[in-house]
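Participant: So you can see what is in the structure, the chains are spelled out below.
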Amino acid sequence: QQQVKQSPQSLIVQKGGISIINCAYENTAFDYFPWYQQFPGKGPALLIAIRPDVSEKKEGRFTISFNKSAKQFSLHIMDSQPGDSATYFCAANFQGGSEKLVFGKGTKLTVNP
Amino acid sequence: KAGVTQTPRYLIKTRGQQVTLSCSPISGHRSVSWYQQTPGQGLQFLFEYFSETQRNKGNFPGRFSGRQFSNSRSEMNVSTLELGDSALYLCASSFIGREQYFGPGTRLTVT
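Respectively, the protein sequence lines represent chains Y and G. Position 65 of the first sequence, counted from 1, bears residue number 65 in my numbering, the numbering being contiguous throughout. Position 38 of the second sequence, counted from 1, bears residue number 38 in my numbering, the numbering being contiguous throughout.
Next comes chain Y alone, as it looks inside the complex (with noise of 0.2 Å):
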């Protein structure tokens, strides 16, 4: 129940593409959902975030969309670029107030010029 499913595994997208990647959850505790991008040898960055009360959040080419009643949340990068590529993660986080993350397995993007 505290697992966060996250696919696919990896994704090789072309420039100015769509990039999709999805993520589902069971733990209906689950208050926050944030996605974060890591490069090789880098700690993972917070792209977006989004709380279960909206159902779409966008910044710049990134798009959260979340669907509470299917318990499942996804990333949109929208004209994707070479620059994209890294590996994504998205989470979730219990209430409670505590701040444990749970992630999922990662994305690995490849952006192709």
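Don't take every hint at face value.
Each computed BS3-like pair below joins lysine-lysine, with the alpha-carbon atoms no more than 27 Å apart [stated by the list, open to error]:
no., chain 1, residue 1, chain 2, residue 2
1, Y, Lys105, G, Lys57
2, G, Lys57, Y, Lys71
3, Y, Lys57, Y, Lys42
4, G, Lys57, Y, Lys42
5, Y, Lys71, G, Lys13
6, Y, Lys5, G, Lys57
7, Y, Lys108, Y, Lys68
8, Y, Lys57, Y, Lys108
9, Y, Lys108, Y, Lys5
10, Y, Lys58, Y, Lys42
11, Y, Lys5, Y, Lys71
These are calculated hints, taken from the structure and not from any lab test. In this text, all values refer to a predicted model and were calculated from it rather than measured experimentally.
Once you've looked at the hints, dock chain G against the given chain Y.
Facilitator: For chain G alone, kept in the frame of chain Y given last:
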């Protein structure tokens, strides 16, 4: 504002030894969390400290421990190192809400 800093960045240890990793959070952040990242298990939560108190602990053996100081800096210790402890150890800090910011990590190799 300076980001989360972790020292050392790289470490090579032998089985059976112990190791201490250090994390300095973003100025003003009082919560520090530690994660272990491996290719097989991904990112796994170790523990979280807030105002020098451990608030939550992940499913790791007692060889993994941590502490937080009054200036919010945190250390984690791994005793009796095993080969399987080889990983990237990440520290994250947060201030308000749930936005956690990660440091660059400490790459630990156990031989």
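Participant: Starting from Lys105/Y, check that the Cα of Lys57/G is at most 27 Å away, please.
Facilitator: Given pair Lys105/Y, Lys57/G holds - Cα atoms ~20 Å apart, limit 27 Å.
Participant: Next pair to validate is Lys58/Y with Lys42/Y; report whether the Cα-Cα distance is within 27 Å.
Facilitator: Measuring from Cα to Cα gives roughly 25 Å; hence the hint holds.
Participant: Taken at face value, is the distance from the CA of Lys71/Y to the CA of Lys5/Y at most 27 Å?
Facilitator: The given pair, whose Cα atoms are some 11 Å apart, holds under the 27 Å limit.
Participant: Mind checking the alpha carbons of Lys71/Y and Lys13/G for me, to see if they're no more than 27 Å apart?
Facilitator: Not satisfied, since the Cα-Cα distance of roughly 42 Å exceeds 27 Å.
Participant: Between the alpha carbons of Lys57/Y and Lys108/Y, is the straight-line distance 27 Å or under?
Facilitator: Since the Cα atoms of Lys57/Y and Lys108/Y sit roughly 22 Å apart, the hinted pair holds (cutoff 27 Å).
Participant: When you check the alpha-carbon spacing of Lys57/Y and Lys42/Y, does it fall within 27 Å?
Facilitator: holds (26 Å)
Participant: Taking 27 Å as the top limit, are the C-alpha atoms of Lys5/Y and Lys57/G close enough?
Facilitator: holds (22 Å)
Participant: Going straight from one Cα to the other, do Lys57/G and Lys42/Y come out at no more than 27 Å?
Facilitator: holds (24 Å)
Participant: What's the verdict on Lys108/Y and Lys5/Y, does the C-alpha distance respect the 27 Å limit or exceed it?
Facilitator: holds (15 Å)
Participant: Does the alpha-carbon distance linking Lys57/G and Lys71/Y stay inside the 27 Å limit?
Facilitator: The given pair, whose Cα atoms are some 25 Å apart, holds under the 27 Å limit.
Participant: Take a quick look at whether Lys108/Y and Lys68/Y sit within 27 Å of each other, Cα to Cα.
Facilitator: Answer holds: Lys108/Y to Lys68/Y is near 25 Å, not above 27 Å.
Comparing the model with each earlier hint shows a violation of hint 5 alone; every other hint is respected.
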